[in-house]
Amino acid sequence: MRIATWNVNSIKVRLPHVTEYLKTAAPDVVCLQEIKCIDENFPALEIEDLGYNVAVHGQKTYNGVALLSKLPLDDVSTGLPGDDGDEQARYIEATVGGVRVCGLYLPNGNPVPGEKFDYKLGWMDRLIARAKELLAEEQPFVMAGDYNVCPTDGDVWDPKGFAGDALCQPESRNRFRQLINLGLTDAVHLHNPQDHFYTYWDYTAGAWQKDHGLRIDHLLLSPQAVDRLEAAGVDRGPRGEEKPSDHTPAWVELSE
DNA sequence: ATGGTTGTGTTACAA
1 MRIATWNVNS IKVRLPHVTE YLKTAAPDVV CLQEIKCIDE NFPALEIEDL GYNVAVHGQK
61 TYNGVALLSK LPLDDVSTGL PGDDGDEQAR YIEATVGGVR VCGLYLPNGN PVPGEKFDYK
121 LGWMDRLIAR AKELLAEEQP FVMAGDYNVC PTDGDVWDPK GFAGDALCQP ESRNRFRQLI
181 NLGLTDAVHL HNPQDHFYTY WDYTAGAWQK DHGLRIDHLL LSPQAVDRLE AAGVDRGPRG
241 EEKPSDHTPA WVELSE
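Quick note: the first sequence, position 89, residue 89 per the numbering used here, numbers continuous.
I should point out that these hints are in silico values taken from the structure, not numbers from a laboratory.
Quick caveat: nothing in here was measured; it's all calculated off a predicted structure.
Just to be clear, a hint being listed does not mean it is correct.
[Claimed, not checked] Cβ-Cβ distance ranges computed for the label pairs, FRET-style:
#1 T61 / Y203: 17 to 27 Å
#2 K243 / I38: 14 to 24 Å
#3 P113 / Q88: 11 to 21 Å
[As the list claims (entries may be wrong)] The calculated lysine-lysine pairs, modelled on DSS-like cross-linking and capped at a C-alpha distance of 30 Å, are:
#4 K12 / K243
#5 K70 / K60
#6 K70 / K132
The C-beta atom is built at its ideal place from N, Cα and C for all residues, glycine as well.
With the sequences and hints as input, model every part of the structure.
Next comes the structure, spelled out in structure tokens:
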């Protein structure tokens, strides 16, 4: 079972890219972020026509996440627990073929310091709490999405230039490390520890052409999921298309 | 070059 994650930066604009990816890469599950639309405006019919089930947690203008899956999406839940006042659409879970798939769009957190950075750290604390709950069930799960965290300087094209960015702050990295220390595995890093494997390139200043990227999209696997991990990687192709998202898909392959 | 681009949706804000 192949599970991919992709921040598409508007599903309305990126629908042709997404349908092309579904046809060519044919992932079993895709976690989408930044769909930037309400549920009613998500192009479900076009995606269902390609053989996928759809679950959406949308929001007007900003954020928004969705799950696409060839197999049924069971027990869908939306919103990250821990703050009933949080109205930003950044989290969705569903069970697919016995695997709990968690799609997430972690807050960017800039500027630092500020309310947005505080929100990011609080959101990460809630994600850690949710991971603890899921780990207690001792079942396979995958937390996949745009984490907006570069785990180390090796994940940044210009570490000095990004030293003050929310994506690289010690507090952000510490919380990502807490997820790892709970027993989760950064699957793409495990399979490619020596390489950059950037997943994001800024639209400005020719960043893509210069490979000035960041690794911020991750798939964290529970021990029971790691037992089934066969491969992991990043598909750079979509970032090179016309009118691309600034992110490209990352994925894992789990045995059946 | 105190810069650059994209998307939503109005001419600001988020990334």
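Checked hints:
For T61 paired with Y203, a C-beta distance near 18 Å keeps the hint of 17 to 27 Å intact. Checked against the hint of 14 to 24 Å, the pair K243 and I38 passes, with Cβ atoms roughly 23 Å apart. Take P113 and Q88: their Cβ atoms lie about 20 Å apart, and the range 11 to 21 Å holds. Taking the CA atoms of K12 and K243, the gap is near 12 Å; set against the 30 Å cutoff, the hint holds.
Using a Cα cut-off of 30 Å, the hinted pair K70 and K60 holds, with the two alpha carbons roughly 27 Å apart. Annotation: proposed proximity of K70 to K132 holds, straight-line Cα distance about 28 Å (limit 30 Å).
The structure agrees with every numbered hint stated previously.
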